Every structure is written in structure tokens, then in C-alpha cells.
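Just so you know, the sequences run in chain order R and G. Okay, so the first sequence: first residue is 1 according to the UniProt record's numbering, each after it adds one. Okay, so the second sequence: first residue is 1 according to the UniProt record's numbering, each after it adds one.
The hints are simulated quantities; they were obtained by calculation from the structure and are not laboratory data. Take the hints with a grain of salt, since some may be wrong.
Said to hold, decoys possible - One side of the interface only, derived from the structure: several residues of chain R facing chain G at Cβ under 10 Å:
#: 1; residue: 58
#: 2; residue: 62
#: 3; residue: 87
#: 4; residue: 115
#: 5; residue: 122
#: 6; residue: 124
#: 7; residue: 128
If you're wondering where the values come from, they're calculated on a predicted model, not measured in any experiment. We put the beta carbon where it would ideally sit given N, CA and C, even for glycine.
Residues per chain, in single letters:
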Amino acid sequence: MRLTAITAAVALTAGVAFAETVAPDNVAFDEYGAVEVSLTGTPGNAENGAKVMTDRGLGNCVACHVVSALSADFQGEVGPSLDGVGGYRSEAELRGVLVNAKKMFDGTVMPAFYKVSGFIRPGDGYTGKAATEITPILSAQEIEDVVAFLMTLKDS
Amino acid sequence: MKFKALTAIAALLAAPAFAGGADDDVLTIDGQEMMSKVAAAPALAETGIDTAISGWHFREDDTQAMQMDTFDNPAMIAVDQALDAWNAVEGTADKSCASCHGAPEESMAGVRAVYPKWNEAAGEMRTLAMQINTCRTENLGAEAYKYDGAEMTAMEALITVQSRGMPMNVATDGPAAEFFDKGKEIYYTRYGILELSCANCHEQNYGNYIRADHLSQGQINGFPTYRLKNAGLVQVHNRFRGCIRDTRGETFAVGSPEFVALEVYVSARGNGLSIEGPSVRQ
Numbered sequence: 001m002r003l004t005a006i007t008a009a010v011a012l013t014a015g016v017a018f019a020e021t022v023a024p025d026n027v028a029f030d031e032y033g034a035v036e037v038s039l040t041g042t043p044g045n046a047e048n049g050a051k052v053m054t055d056r057g058l059g060n061c062v063a064c065h066v067v068s069a070l071s072a073d074f075q076g077e078v079g080p081s082l083d084g085v086g087g088y089r090s091e092a093e094l095r096g097v098l099v100n101a102k103k104m105f106d107g108t109v110m111p112a113f114y115k116v117s118g119f120i121r122p123g124d125g126y127t128g129k130a131a132t133e134i135t136p137i138l139s140a141q142e143i144e145d146v147v148a149f150l151m152t153l154k155d156s
Numbered sequence: 001m002k003f004k005a006l007t008a009i010a011a012l013l014a015a016p017a018f019a020g021g022a023d024d025d026v027l028t029i030d031g032q033e034m035m036s037k038v039a040a041a042p043a044l045a046e047t048g049i050d051t052a053i054s055g056w057h058f059r060e061d062d063t064q065a066m067q068m069d070t071f072d073n074p075a076m077i078a079v080d081q082a083l084d085a086w087n088a089v090e091g092t093a094d095k096s097c098a099s100c101h102g103a104p105e106e107s108m109a110g111v112r113a114v115y116p117k118w119n120e121a122a123g124e125m126r127t128l129a130m131q132i133n134t135c136r137t138e139n140l141g142a143e144a145y146k147y148d149g150a151e152m153t154a155m156e157a158l159i160t161v162q163s164r165g166m167p168m169n170v171a172t173d174g175p176a177a178e179f180f181d182k183g184k185e186i187y188y189t190r191y192g193i194l195e196l197s198c199a200n201c202h203e204q205n206y207g208n209y210i211r212a213d214h215l216s217q218g219q220i221n222g223f224p225t226y227r228l229k230n231a232g233l234v235q236v237h238n239r240f241r242g243c244i245r246d247t248r249g250e251t252f253a254v255g256s257p258e259f260v261a262l263e264v265y266v267s268a269r270g271n272g273l274s275i276e277g278p279s280v281r282q
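Only chain G is shown next, with the shape it has when bound in the complex (with noise of 0.2 Å):
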């Protein structure tokens, strides 16, 4: 009792850090503003966040310099290089993206802002990355990528350039309920020897510094993202399982079917948030 009455006053004192918080700038992309910081998603109902704020806003002034201005942006190399492979023939049926789907500008906008997304053909959650995959092997006829590999996030980018700006819509209705529910579950369970879960520093610690890091909300509307740190692009995957790793826990493969439930979760939580992928973090 008496030492119960004691947390909720550290916790009373803790709060004026929060001060730190995110910040107040307005995010614009090439004079476009995006919605960085938009009314809770259904999926965040429970959680007492009443706003969904985009990682942008926990970063430094230059960092968030760099992704206002598509020539400032370093993804955007990958972007081009992604195009080159978008228009290129490769594998066994003697076609290149283009020769199915044309230019990425028309077909492919929107496409990120609903993925994950359930493919009724296939029976199976689909990721962008799988979804990539899938027509590279039975569509081509060429090898996979590795599924955080340089050329996958490269094509990734390309593809969520031509939804920039657009809300993030992922469904969690239907045959997503059940990865919903697997990847909040996931969300909220305590890894590792450091027994900490996603919620412990993006839900109940967003906006103070856990040493150096200023932590978000830990939002995926802006991947793949460019790390100024590894001087490349970071696939979703790979951001969860650093994460996990930091908790000292035993992580999940890319590409697994836990990931895939939990990109699928943290996703909605961002419902409504704009697409600012590529974006760049430190």
C-alpha cells in the first residue's frame, strides 16, 4: 500500500518530462504537408493515446530536414536504383515490372498504404516485401530477394513514394482479425532478460530519452526508412527485431509469420497517419 502510493507519486513526477515529447514543427514533404499527427486509430482506443504522432517529430532539426526535400532525402539513390530494376528483364518469363504493371507513378499508388493485406487467391498476409517476392518468383520467374536485403527495400521505397501523403489504411476486419490479435499480443509482451515489451517504451514512454534515444511511438508509416547511423535503408522487419535484440531477448526472424502479425497490428495503430516513407532517421 504504502509503497503503491509511492509509484503513482513517481509516476505524478515522472510526468513533466514528457515536456520533451514531440515537437510542434509541421511536416511537409516537397511543400506537401503530410498528416504526422492525426486522432487515434480505433486499434489505439485502449491504449489512452489520443493522437498518433509520426517518429518524425521526436527527431533533431537536421534530421528532419533531410526528409523534407526529396533532394536532400538519401533514399532517394535507392529510389532511382529501384526504378532501373523496376523496368529491367530478368528471370525465366522474360519480363520486368513494367511489362505487367507499367509505370509505378499510376499503378502502384496507394499500394503501401494498404499493405499488409490479405491475399484471397494465395489464402496468406501478404507484407509488401512478400508481395514483391511472390512476383518476382511466380510472375518473373526470377530468385527472391532477401527480405531485408538492400534491393528489397530499395524496390519497397519506390513503391511507397507513390503513396506519399495518402492514410495509412491497413484492415484489421475479416481475415485480419487474427493477426491483429497475434501481433497486439506480441506488442504487449515483455522480451527478453530485460522483460520489456513494445508498449513499455512506444506506448507508456513515447516522447522521453532512454539515454540518448528520443523514444516515438515507434510508427511504421514512415518505412523503409533511411538510417543516417547505417547509411542505408532499414526494413520493418529489421527496425522490429533491433528492437527486440535491445530488450536482450532471443528475436523472430524477418519475414516471420510473428512479424508479419505484428506489422500488421502496429500498422493500424497508425491508421490515418500519413505514408512519408522513405524518411529519414538518425
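If we strip away everything but chain R, and leave its shape as in the complex, we get (with noise of 0.2 Å):
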């Protein structure tokens, strides 16, 4: 009796929570391509989003940009340095670039983070081959948790 009920009420907070991430394709973009509302409503963690940048498996962001506060070896040259990126850039941008950052800059190289339709040839993982089903490459709050980092990057 009592572990249905503990039971019904997880399911009910898992319920919550998910009602109020908010779906890829639902991600709503103003016209220069940022993302003014969090993608989950609970705030980043930075510590994590260091984590989820430097890992291969994750965002492996230092592949393509230095970041001089991460301590990642063989960082990048493909993108910018994201050095006092959280200076010069909002949240909101922030939070565009890493979703879809082909809406910010048209034709980018830069993958969009948080997606789900319209790939061509999409892949299950690095397998090479074709995928099942099609997660984001990182989840709302991994987005947040990155943005959160960025936003600590001040000093170019």
C-alpha cells in the first residue's frame, strides 16, 4: 500500500518534470536564433557543463574551441575560442547556439546539440550504422548545465 503509493507519487514528479522539458522540436528560436527560455526550468549546473564539453561522448566541444579554463588536452581550432564567450553573449544566446546553432549562423559546421529531425543518413552512435531511434546528442538539462559554464567564461 504504502510502496504504491511512493510509487504513484515518483511517477507523478516524473510526470511534472517532463511536461515541463521542453521537446526538440518544440524549442522556440527568436529571429537571431537565440533561446530565451530554459529548455527545463531547473538552473545549470557548471560544474557539469566543464564535464559534458570536454567528454569525447558528450559535447567533446574542445574539439573544435579552446577554452582555456578547461584543462582537456588537444583542444580544437575549428570554431572560435569560446574564451569570454559569457561576456559577450546572453544565455539566451547561448542557449540558441548550443540547440540549433545553424539558426545563429547560417551554414555553420558546428552540430546542433539538441535535435532530432531532419538528419540525412542519421547513425546509431559511431557504429555506422543506421539509427533507431534518434536521441538529442545532449539532454535540456546537459544544454543548461553547458550554458551555465559558459555564462562563468567572463575574461577573454
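Assemble the dimeric complex from its two separately framed chains, guided by the hints.
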């Protein structure tokens, strides 16, 4: 009896959290490609954002960007350095770039990290096989975490 | 407008990183100088790239050195093995490659440089691997090699060394034109969950590092390549497949019509570069 009640409560909370998370296809961009509203309503965790940015299986942002505040080895040079980006970009702009950078930078090589449709020959991870289901590269909360970390980068 | 302007600034800021670029070393193999940087082929005309550059120029010094001397090139073992296969009688016709072609030094000189090549009689575009397999099945009565297997890459390497130093000269007109066009379309298509095209990495970003990898122009004049990481030879379609896989994409199969067309197009982008296979890569 009690267990059932707890389960129901958990289901309820999970349901609420889910309802608050903006699904990839429902993200609203403004005309400049910024995204005003948090994807989750839960403030981002900058520390986890830093991990997401260096983890090869997650953001791997340092593959293309130099971020001096991160100790990751082999930081790439395909994109601009992100040092100081939190000083000249707003949170909404950074969220927009992460969700789908192509909305702001036409034709950019930067991948869209929170997108599930419109791909050509999407694969199943790095297997080279066809995808059976498509999940965004980063979760809604991971996006918020990375935004929180980027906002700490004030000095260039 | 605001953001478009910033994009331009970002591009400008990124430019100095190009200092990494291709190095200024000179590629010689056993003392023979290769044409490893040449004026852009017609296929590059619309790209803004004025010089076709061999992938060798983007590698570390020690990797480069291994390719400059036949005795240091780990791929040469495979070339020796392929010479045995060349001379071995195999299949129902009781013949070897040598029965029809004699010594590879004479009959195979220049062959690598013009493949993929249209075969008029068969009405098909043939890669070197397809031609090798056609000879095996039709002329030897033997089984085809696996398209990107060790025996195939070794035989390709043996045939390739006979054209060393000769300029890549793949035809793009006549029946090749439709393959060129199809290959070009594939080259510029942004595949996979990462939505990256060949051009995003090898045209827009050669010379730049993407994490630990120093991006080259993705030229194929050095194939098959010996990859130190795999301790073995890599067939060109296998490389194509690896690159599409890395976009988190669904790849095409080795030997597929898509990759044959892509090979025609990528070859043409490197026309004029010396054949330098089997090359050595990290």
C-alpha cells in the first residue's frame, strides 16, 4: 500500500518534470537564433557543464573550440575560442547556439546538440549503422549545464 | 544582421590558426621528389583552394619519415606478399596475374594514376579494386577478394608502387561525368547526426586541428595507406566509410555505387598530385 503510494508519487513528479522539459522539436527560437526560455526550468550546473564540454561521448566541444579554463588536452581550432564568451553573449544566445547553431550561424559546421529530426542518413552512435531511434546529442539539462558553464567565461 | 557580422568576425579570428596548415617539408621517396603540392586541378576551381596538397604534409615528422624510404615503410611487406600472389597460379583457368601481365614493373606502370576508369566493354566505372576482382573471377577463375580485405589492399599496393611519382590523372569527362557529378553531390552532403560533409572538414578546415587530428584535404593519392594505429593497410572506401561513421551517420558499403562515384570525384580533386602510395599515416 505505502509502496504503491510512493510509486505513484514518483510517477507524478516525473510527469511534471517531463511536462516542463521542452522537447527538441518544440524549442522556440527568436529571429536571431536565441532561445529565451530554459529547456528544463532547473538552473544549470556549471561544473557538470564543464564535464559535458570535454567528454568525447557528450559535447566534445573542445574538439573544435579552445577553452582555456578547461584542462582538456588537444583543444581544436575549427571554431572560435570560447574564452570570454559569457561576457559578450547572453544566456539566451548561448542556449540557442547549443540547441541548433545553424539558426544563428547560417551553414555553420557546428553540430546541433538538441535536435532529433531533419538528418540525412542518421547513424546509431559511431557504429556506421542506421539509427533506430534518434535522441539528441545532449539532454535538455546538459544543455542548461553547458550554458551555465559558458556564462562563467567572462575573461578573454 | 548583427549575428551574421559576428560570424564574419569569428571566421576572421579563426584564420590565424591556419598557421598550423600544411608544412613546408619536401616529400621524396627513395630520393625521388614527389609533386605533393600542385596547382589546383579543375575540379577544385570553384572551391577557392588554389593548391592541392598531399595528406603527407599534415603528418608528424616521424610518420612522414617512414614514407620517405622504402625500407622504413611498413607497407612494403604487403607489397612483397602481393608479388607472390601476382605470380601464383590460382583458380580454374590455371593462370596467374603474371601469365597475362608479365612483370608488374612494366605492365602496371601508370595504371593506378588513371583509376577509377570507365570500362567500355562492360559499360561500368571500375575502381582498381573492382578491376582486380574482375581479373580474378573472369580471367583466373578464382574467388574475388574481399573488397577492403588484406589481400586486396596488398595487391592494390603492389600495383600502386609501379606508378609512384606519376601524376594522378583520372578522367572526368565522357562517361565519367555522371560519376563525377554524383560523387560531388555526396562530397557536399551533410551526413549524420553531426551533419558534417566531407567539405566541412577537408575543404573548409584543412590545416586545422579537430581535437587531436590535424585535418588534411582528404586527398587519395596516397592510397592504400598504412595506418600505424591499425598496423595494416587501409583501402580508400574503408577510409570513406570511417569518415561518414564519424559524423554519427549511416555509411555506404565499401564497393557501393556511391563510394565508386565519390572515389571518381575525390580523385579528380587531386589530379596532378603524385601517386605516392602506399603511404604511411598515424
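So which of those numbered hints doesn't the model satisfy?
Hints 1 and 3 contradicted; others consistent.
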